[in-house]
Amino acid sequence: MNDPKIFEVELNGQIVQVSDHTIKSARVYHIVYPNSKPPLNITIAEDSDGLKFWTSLPEGRQEEAEFAGKIIATYIREYRRNQSCVTTTDKKLPAPSLFD
Amino acid sequence: MCYYNGQKVTRTEFIRLKNLEKAVRNYNFLNVGVHNGFMFQPSAIAVANADKTDFDLTLGHWGYLPGVIKTHEAAQAFVRSYTTMNFKSENMFLNDKGQRSMWADAVNKGRRCLVLSTGIVENRHVQKIGKKGEPLKATDKYPYIVTLKDTEYFWFPGLYNQILDEETGELIYTFALGTTPANALMSQIHNSKMRMPTVLNEDLAYEWLMTDISKERAQSLARTQVPSSAMDFCTITKEYLTERVANPTTYDTLPPIDMAYLDTTEELIYPAA
Chain A
2 MNDPKIFEVE LNGQIVQVSD HTIKSARVYH IVYPNSKPPL NITIAEDSDG LKFWTSLPEG
62 RQEEAEFAGK IIATYIREYR RNQSCVTTTD KKLPAPSLFD
Chain B
822 MCYYNGQKVT RTEFIRLKNL EKAVRNYNFL NVGVHNGFMF QPSAIAVANA DKTDFDLTLG
882 HWGYLPGVIK THEAAQAFVR SYTTMNFKSE NMFLNDKGQR SMWADAVNKG RRCLVLSTGI
942 VENRHVQKIG KKGEPLKATD KYPYIVTLKD TEYFWFPGLY NQILDEETGE LIYTFALGTT
1002 PANALMSQIH NSKMRMPTVL NEDLAYEWLM TDISKERAQS LARTQVPSSA MDFCTITKEY
1062 LTERVANPTT YDTLPPIDMA YLDTTEELIY PAA
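Residue numbers (the numbering used here), protein chains in the order written: chain A, 2 to 101; chain B, 822 to 1094.
Check the hints yourself; a few may be wrong.
Here are the simulated lysine-lysine pairs, DSSO-like style, with alpha carbons at most 27 Å apart [stated by the list, open to error]:
| no. | chain 1 | residue 1 | chain 2 | residue 2 |
| --- | --- | --- | --- | --- |
| 1 | B | Lys-873 | B | Lys-909 |
| 2 | A | Lys-53 | B | Lys-843 |
| 3 | A | Lys-25 | B | Lys-970 |
| 4 | A | Lys-25 | B | Lys-839 |
| 5 | B | Lys-962 | B | Lys-1059 |
If you are wondering where the hints come from, they were derived from the structure by calculation, not from laboratory data.
All figures in this text were calculated on a predicted structure; none of them were measured in a lab.
With these hints in hand, go ahead and build the complete structure from the sequences.
What follows is the structure, encoded as structure tokens:
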């Protein structure tokens, strides 16, 4: 599945540019805001109970990371779903998880 | 047990995230306004995976290094002696002296990449005028940023080589980007060299990176000229190198660019095909 490498999403009414990077085998999303707000890097981490969560790199912007992560995950799921629809017409596939 | 961003994580996960932080610190490359090749700083490149089903955006050092370079000292000595930031598309196989080109190995082995860009900065040279109105040999330089209409970013064809840094054990991408004869607009802006970076449209960029192509086709792609009418341009302040930002400005004494190319169909030597 080829996910988009660079795309735009809306966060709090602002269009932000997102790029997808693989760094040390981890998937990192780099978010650039249109104003002077510093760029945000987010990735998926796993808590001690094995549950996955979005987090900022470096630490300190957890709330922003969770908010942006959900929007980005939704965007990518929708992107994948639209790609799937091109080849699948007989039944709707379950939305693939970004955490897979 | 440790905490990362207020979340309870295992020690292993904590160490992984902390290591990732270090690696991410080097990933501010997409925010740099102006990359200066002579600073040899990392830039964003796209490299295909082995079976060419996907690609990764990664960091590469602008300035191609041959495989014999193994240490930082050797790399510094090389870049002081040779300028390998760009490759002339005409010289992908043979150099100007008719000998095997230093790019031939990368071309033959398919080490092609794409270099991400949002604009090209070049200096226009304008002859100085003496006190009596006579033209002088010296020139004034006026920097321009050239962008592509209707697109925020675009791709240059690149050739890369991976160098094993024996001091850190890391494999480092080094790359050069392809150039071609200047079009009507770039001939006026980059008037000292009359060259321009090759800009690939999306289809050609895909072909360059993701398909197996002949050497001849690779050269054909690497010399593709983008038409002047597809470009926008603007003068910027001369501090672009130190501030690393392209700030638009105007120069009152600078003669305007001849934009007659907008009124005719530009005849390119190597149009996209």
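Here's how the hints hold up against the structure:
no.: 1; hint: Lys-873/B with Lys-909/B; verdict: 25 Å, holds
no.: 2; hint: Lys-53/A with Lys-843/B; verdict: 21 Å, holds
no.: 3; hint: Lys-25/A with Lys-970/B; verdict: 35 Å, violated
no.: 4; hint: Lys-25/A with Lys-839/B; verdict: 12 Å, holds
no.: 5; hint: Lys-962/B with Lys-1059/B; verdict: 9 Å, holds
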